[in-house]
Amino acid sequence: MRVRPMAVLLSAALALTAAACGAKSSEKDDAGPGPAMESAGPLDPNVKVSITVGCQPPKTAKGQRADWDADVQAFQAKYPNITIVSKDAFPCIVPETFQAKLAGGQMENVFYVYYTDTQKIIKNRQAADITPYVSGMKSVKDVNPLFLEAFKDGDRVYGLPRKAYTTGMVYNRRLFTQAGLDPDAPPTTWAEVREAAKKISALGEGYVGYGEYSAGNTGGWHFTSELYGRGGDILTPDGTKAAFNGAEGRAVLQTLKDMRWTDDSMGTKQLHRWEDLMRMMGSGKLGMMVAAPDVAVEVFNNFGAEIEDIGATTLPEARASLLGGDGYMINPKSTPDQIKAAMLWLEFHELTPGEGQFNHERSKAGGRPVGVPENILWGDNASGRKERELRKEFATVPVENFAPYETGSPNIRPKVEPPHAQEIYAILDTAMSAVLTREDADIDELLGDAEKKVNALLLRTK
Amino acid sequence: MAVPQTRAAKGRRFGIIARRNITAYGFLSGALICFALFSWYPMFREVVLSFQENNFVDPPVWVGLENFKSVFQDPAFKSAWVNTGVFTLLALLVGYVIPFMTALVLNELRHARGYLRFVVYLPVMLPPAVSVLLFKWFYDPGPGLFNQVLGLVHLPGLSWLDSTDTALISLVIVSTWMNLGSGTLIYLAALQTVPSELYEAAELDGAGVFRRIRHVTIPQTRLILLVMLLLQVIATMQVFIEPYLLTGGGPEDATVTVVYLMYQYAFNFGNFGGGSALGLMLMIVLMVFSAVYLRVSRDNT
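Chains A and B are the protein sequences, given in the same order.
Here our numbering is used: the first residue of the first sequence is 8, the next is one more, and so on.
Here our numbering is used: the first residue of the second sequence is 90, the next is one more, and so on.
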């Protein structure tokens, strides 16, 4: 018997095709002429429009799905000329399918995005410029303008937020009490975080005082959060050079290194990614982590945490805070009428206090947690006040557990993620994993090395 | 046949052959269509995409070798190839030898053969995500299973995945454990085909266990061994799940492999051109390797 070279060659080649479709565009966006700042005018009620909308809750989330479907019914009754075709998915966005959906013409007219990806999508020109369509929307004026930032390039708007939050700290109140700490007075400085972490770790084997990410780009993401908190910046204001190799960047890594090796309060296992800390928080053995309050809902819904145990506060010594959240962008292949219909839907479902996603009364009746400040997208105005009132009225969780976050965060400036966020996070993962896994890690060297890599990246992708 | 055929007979013969082949082609077409649609077309697209800038909204722009240049300049590019090479070598040393040894031992056993075969194959049936989670616990540098075992025999614990020195070999161990079953089964099947007279003859000549393995088993299963070696190299060069799920490329890029970097480019960085360029490079490397390997192993036959 003889092995046929062609057959083996072919099978070798075939094995490689797993990830072989898609592309990118990084053409300089010179803000093409496009329509000026004029408003696009309302949708003609005699025009029949059908739009596809992403992120309908999956069939497994029965209650949420029923609410969504009811909202679609109500909306279509209000606008009989518009048909909403919901597309369910869980999770709502999978990076692997994004480009493929665009390429295959399967992308929804109104597609769901995370803040982390918005700038990349705008730069790749994969979202429609909706500036003329939002200029007349009243609800958009009530959104905290800093949360619209993520969806903008200059003064052009490419999407609308659904959820917005700034990074703070989520902690386990029960562990605070067990460790003799006051859960109503969470740490306000990094020195206090260190002290608290030490006490929680001392509770016994398996207890981790403070958990931190360092793998799969999440380490760089949290480095950015903590750097922003200390008043530092990832890039220079013109975006041409790295700016994190300074006192603030060193302080971020030094604190982590001290907690890991001097205090031994971060557990032994490192290289955590998103779901690792969720699991640890859910198991009730993790004391603190840098996170937004939406994590409280997440660990309750999906990781078995007791909602009464979870509290949230602002980032220690915070000068600014990385904002996060999600929202919707519009497929550039949509017609102007479809964009108009999409705006009406988004305004109805995502941007009306008391309706759609903010229908707290219905959420309470459905037995879902209400009262966590997981969405602070409104500014300090009528909409914002109304939403806060409703949230308090229908609260099902102890709202006082989140009071430190809610009273503290209005004074902290939300700050958007840097351009090339994921590439930069991948580079900064190296520094984070080094200080957490290597006792002799040299912080200056790590930061210098990362700075060089980021500068090279900025040159390369210019 | 010496008898000259008439035109009619020739035509009839052709008809029979054609009819027979139509059935064959009919059976083949399913596979051909599947391959064409899900393998050859994506491959072709990958090649095209690696020379393009394409956002799938506007018409694609041909950029020549730009994608390749930009990937070359990425400092992670070199470490990805080095890591992949080291992983493949380590996987050959560990992952290639162990299944063969396991098969040899299983083949010699008199009792509990079926049970042991089942146990050896069990990890293959576990979804990779489950195996990987399991090993996350085993590898915990604190109270993890492996370090507890080391502690029992008074050895110092290792950092396993959490150290740049041991991260890659830890991934090799996981990968070997996950794939052990398939390899062992194939070797077992090959061992069944070795005629027992050869062993008897060798035994009569006074050959011990190791000489029997060296002079009977290995030459008799040589073909399977060679094919498995090639398949293993091709598979391990494409290692992805282990670093993706266990280490996220860390610590300090120690486990960033070529396919992991390709994934980062294509899906996290939104740079499909770069990802396709990496994929194409890996494909070429593997094709060249396979061609050379087949050439060399054929000449030695």
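The reader is advised that the hints may include incorrect statements.
Computed list of lysine-lysine pairs in PhoX-like fashion (alpha-carbon distance at most 20 Å, straight line) [what the hints assert, rightly or not]:
1. A:K393 to A:K148
2. A:K206 to A:K264
3. A:K66 to A:K94
4. B:K158 to A:K170
5. B:K225 to A:K292
6. A:K205 to A:K340
7. A:K55 to A:K340
8. B:K225 to A:K459
9. A:K460 to A:K170
10. B:K225 to A:K460
11. A:K170 to A:K399
12. A:K460 to B:K158
13. A:K148 to A:K170
14. A:K371 to A:K170
These are computed hints drawn from the structure, not numbers from a lab.
Hint by hint, here is what the structure shows:
Of the supplied pair hints, the one linking K393 (chain A) and K148 (chain A) holds, its CA atoms being roughly 15 Å apart against a limit of 20 Å. Of the pairs offered as hints, the one joining K206 (chain A) and K264 (chain A) holds, with about 17 Å between alpha carbons and a cut-off of 20 Å not exceeded. For the hint linking K66 (chain A) to K94 (chain A), the alpha-carbon distance of about 11 Å falls within 20 Å, and the restraint holds. Of the supplied pair hints, the one linking K158 (chain B) and K170 (chain A) is violated, its CA atoms being roughly 39 Å apart against a limit of 20 Å.
A distance of roughly 17 Å separates the Cα atoms of K225 (chain B) and K292 (chain A); the hinted pair therefore holds under the 20 Å criterion. Pair hint K205 (chain A) plus K340 (chain A) does not hold up; C-alpha atoms about 55 Å apart against a cutoff of 20 Å. Restraint check: the Cα-Cα separation between K55 (chain A) and K340 (chain A) comes to about 17 Å, which is no more than 20 Å; the hinted pair holds. For the hint linking K225 (chain B) to K459 (chain A), the alpha-carbon distance of about 32 Å lies beyond 20 Å, and the restraint is violated.
Under the criterion of a C-alpha separation no larger than 20 Å, the hint pairing K460 (chain A) with K170 (chain A) is inconsistent with the structure, at around 33 Å. For a cut-off of 20 Å, the pair hint linking K225 (chain B) to K460 (chain A) is broken: about 30 Å separates their Cα positions. For the hint linking K170 (chain A) to K399 (chain A), the alpha-carbon distance of about 18 Å falls within 20 Å, and the restraint holds. A C-alpha spacing of about 16 Å is found between K460 (chain A) and K158 (chain B), which places the hinted pair at or below 20 Å, so the restraint holds.
With a CA separation close to 16 Å, the supplied pair K148 (chain A) and K170 (chain A) stays within the 20 Å bound. The straight-line distance between the Cα atoms of K371 (chain A) and K170 (chain A) is roughly 19 Å, inside the 20 Å bound, and the hint therefore holds.
Hint check: violations occur at hints 4, 6, 8, 9, 10; the rest are consistent with the structure.
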